[in-house]
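Q: Now for the letters of each chain:
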Amino acid sequence: MTTVETAAGPAQTMVLNMGPQHPSTHGVLRVVLELDGETVIKARPEIGYLHTGIEKSCEALTYSQAITLTDRIDYLAPLSNNLGYCLAVEKLLGLEVPKRAQYIRVLLTEMTRLNSHLVWLGTHAMDLGATSVMLYCFREREEILKLFEMVSGQRMMTSYFRIGGLALEPPPGWLDRVRWIVDMLPSRIEEYEALLTRNRIWLMRTQGIGAISPEDAIALGVSGPSLRAAGVAYDVRKFFPYSSYEEFDFDVPTRTESDCYARYLVRLAEMRESLKIVRQAMGKITPEGPIKADAPGIVPPQREKMKTEMEALIYHFKIFTEGFSPPAGEVYQRVESPRGESGYFVVSDGSPKPYRVKVRAPSFVNLQALPKLSEGGLVADMIACIGTIDIVLGEVDR
Amino acid sequence: MTDKPSTDQKADQHPIVQLLRAWDERAVAEVLEFRGELTIVTPREHLLRAAEYLQAEPGLLFGFLSDISAVDRFPIEPRFEVNYHLLSIPLRQAMRMRVWISGQDPVLPSVIPVWPTANWHEREVFDLFGIQFEGHPDLHRILMPDDWEGHPLRKDYPVEGYRA
Chain A
3 MTTVETAAGP AQTMVLNMGP QHPSTHGVLR VVLELDGETV IKARPEIGYL
53 HTGIEKSCEA LTYSQAITLT DRIDYLAPLS NNLGYCLAVE KLLGLEVPKR
103 AQYIRVLLTE MTRLNSHLVW LGTHAMDLGA TSVMLYCFRE REEILKLFEM
153 VSGQRMMTSY FRIGGLALEP PPGWLDRVRW IVDMLPSRIE EYEALLTRNR
203 IWLMRTQGIG AISPEDAIAL GVSGPSLRAA GVAYDVRKFF PYSSYEEFDF
253 DVPTRTESDC YARYLVRLAE MRESLKIVRQ AMGKITPEGP IKADAPGIVP
303 PQREKMKTEM EALIYHFKIF TEGFSPPAGE VYQRVESPRG ESGYFVVSDG
353 SPKPYRVKVR APSFVNLQAL PKLSEGGLVA DMIACIGTID IVLGEVDR
Chain B
8 MTDKPSTDQK ADQHPIVQLL RAWDERAVAE VLEFRGELTI VTPREHLLRA
58 AEYLQAEPGL LFGFLSDISA VDRFPIEPRF EVNYHLLSIP LRQAMRMRVW
108 ISGQDPVLPS VIPVWPTANW HEREVFDLFG IQFEGHPDLH RILMPDDWEG
158 HPLRKDYPVE GYRA
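From first to last, the protein sequence lines are chains A and B.
Residue 3 is where the first sequence starts when you use this note's numbering, and the numbers rise one by one after that.
Residue 8 is where the second sequence starts when you use this note's numbering, and the numbers rise one by one after that.
Don't read these hints as lab results, they were simulated from the structure.
From the three backbone atoms N, C-alpha and C, an ideal C-beta is built for every residue, glycine too.
Just so you know, not all the hints are guaranteed correct.
Result set (DSBU-like, lysine-lysine): computed pairs, CA atoms no more than 30 Å apart in a straight line [unchecked claim]: (1) A/K355 / A/K307; (2) A/K58 / A/K355; (3) A/K374 / A/K44; (4) B/K162 / A/K355; (5) A/K320 / B/K17; (6) A/K240 / B/K17; (7) A/K101 / A/K307; (8) B/K162 / A/K58.
Covered stretches of chain A (in silico footprint by chain B; criterion: 3 or more residues with CB under 8 Å from a CB of chain B, positions within the stretch not fixed) [claimed, not checked]: (9) 236-242; (10) 344-353.
Given these sequences and hints, build the entire structure.
A: Following this line, the structure appears as C-alpha cells:
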C-alpha cells in the first residue's frame with residue numbers, strides 16, 4: 003500500500019486480488035492490482051496455478067508418445083501444438099511429409115484457428131456484457147469440433163498429427179463437412195459484426211483501451227494478433243513458411259491503433275483469411291494419396307502389411323517398444339498458433355526419448371504485457387485487456 | 008552428447024557470424040549449423056555486450072527475443088547451456104545464441120536491459136533450473152510455489168519429484 007496525492011488530499015491505495023477464481027480471467031490467473039479508487043496503478047500477474055510439468059514429462063516419453071502432451075498445452079488449439087511439435091521432430095529427423103498430408107494439416111490448423119478465435123470472441127464479448135454473442139460463437143464452434151471428431155475421433159485432444167504425417171486417413175465425406183462449415187461461417191461472422199462492430203457500448207468498452215506501442219510490443223515479445231494490431235506484420239506463416247504455407251494466397255491483417263478494438267478487428271479479419279486458406283486447401287487435397295511419409299522405423303506400418311510382411315511386423319514392434327532415435331542435435335520450430343508465435347525447441351541426444359522439449363508458449367509471453375496494457379486504466383478495462391490478449395492459462399503454465 | 012561438434016566451416020561464412028567477428032572476435036567462441044539453424048556460442052563475459060550489438064546493429068536488428076531455453080547436460084561439465092532464440096523482424100532472420108555455464112557457478116548476466124521480455128523467461132529458467140541472473144529486478148519463482156524445494160527440470164531431479 004502506498005500513499006497517493008489526489009484532488010482531495012493524500013489517500014491510501016488499495017490492493018485487490020483479481021482471481022485466481024474469477025470468471026473473466028479465462029482460467030486460473032491471479033492479478034494483484036494496486037488501485038487508486040478505480041484506477042489501476044500497478045498490475046502484477048501471478049501464474050503457475052496450472053503448472054503440470056509437461057516439459058519434464060516429455061523427457062520420460064518417446065517422441066511419438068509426447069504428442070499427446072502437446073494437445074494438453076492449449077485446449078483451444080491442440081492441432082496447432084501437434085503441428086509445432088511434429089514439425090520440430092521431423093526437422094530433427096530430416097523427414098519430408100507428403101504434400102497431401104501437409105495440405106490436410108494446413109486445413110485443420112486453420113480450422114483450429116477459427117475454433118480458437120470463435121471461443122475468444124464469444125468469451126470476450128461475454129466478459130464485456132454481450133452474452134448473446136457467446137451463444138452464437140459456441141454454436142458455430144460446435145460444428146468445428148464435430149469435424150475434429152469426425153477426422154480424429156476426438157473433439158479436443160486430437161493427437162491427429164503424427165511424426166511423418168497423419169494418424170489415419172480422414173473418413174469419406176469429410177470434405178463435404180468442411181465445405182458446409184466454410185459456406186456457413188462467412189454469414190455468421192457478418193452476424194457477429196452486426197452485433198458488435200458498430201455497437202456503441204462495444205466501442206466505448208474497447209476503443210482506446212489497452213493500447214501498446216509497436217516498440218513496446220516487440221520489446222515485450224508480444225506476437226500474434228496482438229502484435230499485428232499494433233501495426234507489425236509479423237506472421238510466422240509468411241516469415242518462415244512451414245507445411246507448404248508458401249503455396250497459399252492470404253493476407254496478414256494489421257491495424258495501427260493497437261487498442262482492444264484493433265485486436266478485435268484483426269482477429270475477425272484473420273477468421274476470414276483462414277476461411278480463404280481452407281478453401282484453397284480443399285482444392286489442393288487430392289481424393290487419394292499418401293498421408294504418411296515413407297519412413298519405415300519411424301512411421302508405423304499399415305495393418306494389412308503387418309499381416310503379410312515380416313519386416314513390417316518387426317518395425318511395428320520396434321516403434322512401439324523402444325521408439326526411434328533422431329540424430330543428436332537441436333531444432334527450434336516456430337508455428338503461428340492462434341495466439342502468436344508458438345515455438346518448439348526439441349533437443350535430441352540420439353536416444354529414443356527427447357532430451358529436452360521446451361515450449362515457447364505465446365500466451366505466457368503475451369501475458370507479460372498485461373501491466374503495460376492496463377496500468378493507468380480502470381479496473382473494468384482490465385477485463386477487456388485480459389480478454390483481448392487472448393490467453394489460455396493451460397499454455398501459460400504448461 | 009559426448010563430444011561437442013567443432014566450428015562448422017560453412018556456417019562460419021554466414022553473414023551474421025562475419026559481422027559479429029568483425030565487431031569483436033572474442034564474442035564468437037563457436038559456430039554451429041544443424042538443419043539450417045545457426046547457433047553462435049558466446050562466452051559468458053561477452054553475453055550482454057553481444058546481445059546489445061545484435062539488437063542495435065543495423066545489419067542485424069535482432070529486436071525480438073522469442074525465447075530463452077536452458078538445457079541441463081548433467082553430469083557433463085559445463086553443465087548448463089542457455090539458448091536465446093532471436094528474431095529480426097525487419098530482416099526476417101532468426102538465430103540462436105548459446106552460453107555454456109558450469110554447475111558450480113550457474114550465474115548469467117540478465118539481458119532485460121536489451122530485451123525486456125527476458126524478465127519472465129529468466130524467472131522461468133531460474134525456477135526450473137536454478138540458474139541465477141545477475142541484475143534481474145525481480146528474480147523469484149514463477150511456475151512453482153515459492154516454498155518449493157529443488158529445480159524440477161534439472162536432470163538429477165526425479166520425474167515423479169522428491170517424495171518422503
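Q: Work down the list of hints and note, for each, if the structure agrees.
A: Verification of the supplied hints:
1. Between the alpha carbons of A/K355 and A/K307 the distance comes to roughly 27 Å, so the proposed pair stays at or under 30 Å and holds.
2. Distance hint between A/K58 and A/K355 is fulfilled; the C-alpha atoms sit about 12 Å from each other, no more than 30 Å.
3. For the suggested pair A/K374 and A/K44, the alpha carbons sit about 9 Å apart, so the restraint of at most 30 Å is met.
4. For the hint pairing B/K162 with A/K355, the CA-to-CA distance comes to about 14 Å; that is within 30 Å, so the pair holds.
5. About 36 Å separates the Cα atoms of A/K320 and B/K17, which puts this hinted pair outside 30 Å; it is violated.
6. Among the hinted pairs, A/K240 with B/K17 is consistent with the structure: their alpha-carbon atoms are about 27 Å apart, no more than 30 Å.
7. Among the hinted pairs, A/K101 with A/K307 is consistent with the structure: their alpha-carbon atoms are about 23 Å apart, no more than 30 Å.
8. This hinted pair checks out: B/K162 and A/K58 have alpha carbons roughly 9 Å apart, not beyond 30 Å.
9. Judged by the Cβ-Cβ criterion of 8 Å, the region 236-242 of chain A is covered by chain B as claimed, because 3 of its residues qualify and three suffice.
10. For the region 344-353 of chain A, the stated coverage by chain B is satisfied: 5 residues place a CB nearer than 8 Å to a CB of that chain, which reaches the threshold of 3.
The earlier numbered hint that this structure contradicts is number 5, and it is the only one.
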